[in-house]
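**Student:** What follows is each chain in one-letter form.
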Amino acid sequence: MSDPQPIPSCCGTAPPAPGGSNPFVNGLWKQNPVFVQVLGMCPTLAITNSVRNALAMGLATTFVLASSNTLISMVRKLVPKQVRIATYIAIIATSVTVVDYLVKAASISVYKALGPFIPLIVANCIILERAEGFASKKPVFASLLDGLGMGLGFAFALTCLGSVREILGAGTFLGVPLFGSHFEPWVLFLLPPGGFISLALWLVTFTTFRQIKARRAARAAAAAAETVPAGQLVEVRS
Amino acid sequence: MNESLTHIFLDAFLINNFVLCVFLGMCSFLGLSSKFTTAWRMGVSVMFVITVSGVLSYGINTLLVTLHAEYLRLITFIIIIAATVQLTEMFIKKVSPSLFRELGVYLPLITTNCAVLAVPLFQTARGYNLLQSTVFAIAASGGYASALVLLSLVRERVDLSDIPNLVKGTALTLVLASVLSLAFMGFAGMGSGG
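Chains as they are written, first to last, in our numbering: chain A, 1 to 238; chain B, 239 to 432.
No wet-lab data here; the hints were simulated from the structure.
We put the CB at the ideal spot given by N, CA and C, even for glycine.
Heads up, some of the hints might be wrong.
[As the list claims (entries may be wrong)] Here are the simulated BS3-like pairs of lysine-lysine, each with C-alpha atoms no more than 30 Å apart in a straight line:
1. A/77 to A/137
2. B/406 to A/30
3. A/213 to B/331
[As the list claims (entries may be wrong)] Pulled from the structure, derived: some chain B residues nowhere near chain A, Cβ distances all over 10 Å:
4. 241
5. 248
6. 249
7. 252
8. 260
9. 274
10. 279
11. 282
12. 285
13. 290
14. 337
15. 367
16. 369
17. 384
18. 398
19. 417
Using the sequences and the hints given, assemble the complete structure.
**Tutor:** This is the structure in structure tokens:
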């Protein structure tokens with residue numbers, strides 16, 4: 001807890017430095033916590049067996065991210081470097097306790113479905129990563145926006161995963177049956193292996209998009225590089 | 239709750255394996271399973287932290303219940319875990335500096351591992367007594383360590399084979415984890431008898 005080095009990311013891929021101009025859009029899409037940074041895998045896989053649970057979890061995490069980011073940004077100049085992680089964890093644990101009681105008051109059925117995963121938001125690596133990587137350096141309003149963007153990006157990813165699993169595994173969307181009575185639900189997708197495989201498929205989808213985009217950009221750059229010398233050549237000839 | 243100790247052990251170790259069936263400790267499971275040596279060292283240190291913090295938090299929870307301060311539960315659990323990780327770090331540094339250097343950054347990372355926090359939360363929710371909590375902590379952490387080691391062994395073999403560029407990395411690891419999880423589903427039948 002007392003080491004002054006930055007927290008290493010606990011997941012395979014190190015998150016790239018935030019380069020986007022707008023922190024809100026950055027979290028929502030470019031640096032999407034699940035599809036791009038591959039952070040916060042536990043709730044992503046455990047809670048997404050229905051769209052409703054996925055949405056509830058995403059919104060709870062958004063609230064925690066926004067409030068902890070704001071508070072941490074407020075106290076960033078008061079906290080000594082050695083005890084900063086302990087302070088962040090205390091702030092995050094407080095926000096999570098608030099959410100825990102809020103969800104319990106709002107809907108008992110959602111509370112029961114999410115179970116121990118609401119208190120476990122404390123151990124979600126996205127939150128500590130944003131606290132260390134963004135809120136501890138930036139002003140309050142930008143941190144709030146970043147927390148909201150990251151949280152909604154997380155909720156978006158959970159909903160994507162949840163809809164695939166609910167449609168295939170139960171044949172419903174938000175509890176509404178989509179197919180006729182002859183539909184045989186593919187129960188595997190509601191079970192743990194289905195969670196792993198559908199996240200793998202989403203990751204492959206997003207990698208394909210990014211590869212196509214990169215190839216297009218490379219081709220455009222190559223075309224630009226070819227035309228410029230040709231233009232110069234023409235000038236020289238004339 | 240009056241579950242037998244064997245049932246608690248089997249349930250946490252195989253039937254509801256922490257990683258493959260309940261999805262806890264995913265980050266380190268995906269991030270640290272590329273090499274066998276790292277995987278089993280991480281597994282053993284997590285086992286130690288979970289067992290110690292599980293027993294300690296049982297004591298603290300009893301204290302909180304008598305004081306009627308249950309809303310402090312989450313914060314105290316986190317502080318206990320952070321303290322246990324710090325203690326483990328100092329202990330290993332004192333006893334074996336070479337092992338300390340090898341484990342490096344992985345040690346402080348155990349604090350943000352959700353499997354560690356889940357053990358005290360689950361044992362409080364299920365109302366286990368001291369002996370049951372200890373068995374549960376050992377079994378759950380053993381399950382975590384064995385899943386980590388199994389995946390690392392599979393990944394070491396897959397590294398040598400020819401796979402499409404598109405799925406290399408996290409996606410492939412997830413597919414492997416899915417197959418392992420499918421295998422662990424076979425243990426579900428054992429649960430119905432207990």
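**Student:** Take the hints in turn and mark each one as holding or not.
**Tutor:** A quick look at each hint next to the structure:
1. At roughly 9 Å between alpha-carbon atoms, residue 77 of chain A and residue 137 of chain A fall within 30 Å of each other, so this suggested pair holds.
2. A C-alpha spacing of about 21 Å is found between residue 406 of chain B and residue 30 of chain A, which places the hinted pair at or below 30 Å, so the restraint holds.
3. Between the alpha carbons of residue 213 of chain A and residue 331 of chain B the distance comes to roughly 48 Å, so the proposed pair goes past 30 Å and is violated.
4. Under the 10 Å C-beta cut-off, the non-interface status given to residue 241 of chain B relative to chain A holds; the minimum distance is some 18 Å.
5. Residue-level check passed: residue 248 of chain B sits 18 Å from the nearest beta carbon of chain A, beyond 10 Å.
6. The Cβ of residue 249 of chain B sits about 15 Å from the closest Cβ of chain A, beyond the 10 Å cut-off, so the non-interface label holds.
7. With a least beta-carbon separation of about 13 Å from chain A, residue 252 of chain B lies farther than 10 Å from that chain, consistent with its non-interface assignment.
8. Not every CB of chain A lies more than 10 Å from the CB of residue 260 of chain B, the least distance being 7 Å, so the non-interface label is violated.
9. Remark: the non-interface label on residue 274 of chain B is consistent with the geometry, its nearest Cβ contact in chain A lying 16 Å away (cut-off 10 Å).
10. Under the 10 Å C-beta cut-off, the non-interface status given to residue 279 of chain B relative to chain A holds; the minimum distance is some 16 Å.
11. The Cβ of residue 282 of chain B sits about 18 Å from the closest Cβ of chain A, beyond the 10 Å cut-off, so the non-interface label holds.
12. Consistency note on residue 285 of chain B: stated as away from chain A, and its beta-carbon is indeed over 10 Å from all of that chain's, at 17 Å minimum.
13. Under the 10 Å C-beta cut-off, the non-interface status given to residue 290 of chain B relative to chain A holds; the minimum distance is some 16 Å.
14. Residue 337 of chain B, annotated as away from the interface, keeps every beta carbon of chain A farther than 10 Å; the closest lies near 18 Å.
15. With a cut of 10 Å on Cβ distances, residue 367 of chain B stays outside the contact zone with chain A, its closest approach being about 19 Å.
16. Distance check for residue 369 of chain B against chain A: the nearest CB is about 22 Å away, which clears 10 Å, and the non-interface claim stands.
17. With a least beta-carbon separation of about 16 Å from chain A, residue 384 of chain B lies farther than 10 Å from that chain, consistent with its non-interface assignment.
18. Listed as outside the interface, residue 398 of chain B is consistent with that label: its C-beta sits roughly 19 Å from the nearest C-beta of chain A, beyond the 10 Å cut-off.
19. The beta carbon of residue 417 of chain B is not kept farther than 10 Å from every beta carbon of chain A, the shortest such distance being approximately 7 Å.
The structure does not agree with the numbered hints 3, 8 and 19 stated previously, though it agrees with the rest.
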